[in-house]
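A.B. asks: Chain by chain, the residues:
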Amino acid sequence: MFAIKNLTPADLDFIRKHLVQQTIEKNVVLFEAGKNGDSMYFVEAGTLKIVDRRSKDGSDDHVIAVVKPGGFFGEEVILTEGGVYKDTVVSLEPCVLYKLSHDCLQKIMLESTLTGTKLVLGISKNYREAINISEQHGKLIALVSAKDGVGKTTVCMNLAEAFSRRGKKVLVIDCDFQLGNCHMHVASPATPNIARLVQLEERLTFDRISKFIITKSDIHVLSAPDLPQDAELITRSHLNQIIQECTRHYDFVFLDVGCHIDEISILFWDTADQIIMVQKPDLTDLTRFKRLMTVIKRLNYPKEKFVGVLNQFESKKSGYLEQFKSLLPIEWLKIAADRETVETALFNGETIIAHASASEMVLDIDKLCQHLLLEKNIDIKEKTGMFSWLKNYFSGS
Amino acid sequence: MGIFKLEAFDEYNLLTANTSIYPDNGADLNEFLAKAISQKKKHLIIDLSKVEIIYSTGITELVKANMNGKSQGVGLILVGVSKSVAKVFKLCGFERLFKIFPTLKDAREGIS
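Read top to bottom, the protein sequences are chains A and B. Position 239 of the first sequence, counted from 1, bears residue number 239 in this note's numbering, the numbering being contiguous throughout. For this note's numbering, count along the second sequence from 1 and bump the result up by 397.
Hints are computed from structural coordinates only; laboratory data are not their basis. Treat the hints with caution; some may be incorrect.
As the list claims (entries may be wrong) - Taking lysine to aspartate or glutamate and the DMTMM-like style, the derived pairs with C-alpha atoms no more than 25 Å apart in a straight line are:
hint: 1; chain 1: B; residue 1: Lys487; chain 2: A; residue 2: Glu129
hint: 2; chain 1: B; residue 1: Lys467; chain 2: A; residue 2: Asp11
hint: 3; chain 1: B; residue 1: Lys461; chain 2: A; residue 2: Glu245
hint: 4; chain 1: B; residue 1: Lys480; chain 2: A; residue 2: Glu111
hint: 5; chain 1: A; residue 1: Lys5; chain 2: B; residue 2: Glu506
hint: 6; chain 1: B; residue 1: Lys439; chain 2: B; residue 2: Asp421
hint: 7; chain 1: B; residue 1: Lys467; chain 2: A; residue 2: Asp230
hint: 8; chain 1: B; residue 1: Lys480; chain 2: A; residue 2: Glu76
hint: 9; chain 1: B; residue 1: Lys480; chain 2: A; residue 2: Asp11
hint: 10; chain 1: B; residue 1: Lys402; chain 2: A; residue 2: Glu75
Keep in mind the model is a prediction, meaning the values are calculated, not measured.
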């Protein structure tokens, strides 16, 4: 019934006795954002959407999430003082819900503190994770693109090398969990890797994580799994723990993020101090970038969080620069195209910086590195996004 | 150095957690708490000053121990609760279940 771990069938029966069943029809607004309430809901049957309602009739609803059977919502009024719903919830089909009010929870706690504790810990999971990821030290930089093959990994690995040559302690986490290949840039097989880490280590402390990090010269890489299917083993909770531990031990942690939009990608965008948008000047990349931006804009990140990089740039394609600027009006830096150098360096298992230090491409990467190291650019306090919203909401800011 | 350390004093037992409490520490914590409570000293002070993160397993063990302790006349006291752990306790409303003192010194003064 509930997607909450550690509840035994006896716990579930006990909890269910204290809940009130409620049936609603399709398209019913269960509660609205900003309204006071004292109950959260568990979904037994049917589907509901959590929306940011921008017009009264709901014609301009922005869907934040869809809740299916087993899921729950509205926990903010139970967990925080004041009892105000943050979003609006609308049923997408006839639904059967179980309602848990403050009073019900108190009764559960009084009758069985242990079951009540498990329930509270279950409904507060997202909030607790958000609290745990708030104490970072090193800077987290995510490299994001709208399309594969734009050279994101090449830029990432070379930036890491440029940073480490400036005395910074740098880690690259290959977050393209199905098909990532950061390890190739350091001439290593994809073992050990992040999937082995989460399989073999129950406690993701840095001393355990460090055993799975590949090191070549001063570049440290936590590789993507060697088998695409192992990507399934890596959860958001694992990533929260790994990021938290690694940012404590490195000056900079680079996330080479896969180019698709899902819960895990959004976690990376949210937790990153800075997002480097790596794009290539061509029509397909431009159109895909436009679509990606429709999602990213909704997350209300501050503009300062972004740095644009137009990779594989050639002067004959300079018209694209304005197009990208119009979609994301920030500073865009260029990295010169040099396919031959990139391929030779990759065959040698080297970064371009190590292979051809005087090339135009290396000079451009160096400029990007200097840009990122400017304090005004890396001290991004306001991150916004879904997880940051949870943190801010809880802390009352 | 073990993850948990139990020391006996005249009026209380002191259980110190030397690292964050992760899911796989739950059984150890349970064992130490049970041992401390079985000695039936009036107070069991739990020093969490080295705990930056506490997972649900750890919280559940603390709540269970608090209930067991109460039934056996042992009061649990938490000290050195970090900002992030305090946030978790406040979020879940568990700060009302425990006596919490900022430092070990405060707890000693509070029980004497």
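A.B. asks: Now tell me, hint by hint, if it's right for this structure.
C.D. replies: The hints, checked one at a time:
1. B:Lys487 x A:Glu129: holds, 14 Å
2. B:Lys467 x A:Asp11: holds, 22 Å
3. B:Lys461 x A:Glu245: With a Cα-Cα distance of about 29 Å, the restraint between lysine 461 (chain B) and glutamate 245 (chain A) is violated, given a limit of 25 Å.
4. B:Lys480 x A:Glu111: Distance of about 30 Å is beyond 25 Å: violated.
5. A:Lys5 x B:Glu506: Roughly 40 Å separates the two Cα atoms, so the pair is violated.
6. B:Lys439 x B:Asp421: violated, 29 Å
7. B:Lys467 x A:Asp230: violated, 46 Å
8. B:Lys480 x A:Glu76: Between lysine 480 (chain B) and glutamate 76 (chain A) the Cα gap is close to 20 Å, so the pair holds against 25 Å.
9. B:Lys480 x A:Asp11: With Cα atoms ~31 Å apart, lysine 480 (chain B) and aspartate 11 (chain A) exceed 25 Å; violated.
10. B:Lys402 x A:Glu75: Outside the cut-off at roughly 37 Å; violated.
The structure fails hints 3, 4, 5, 6, 7, 9, 10 (numbered hints given earlier, in ascending order).
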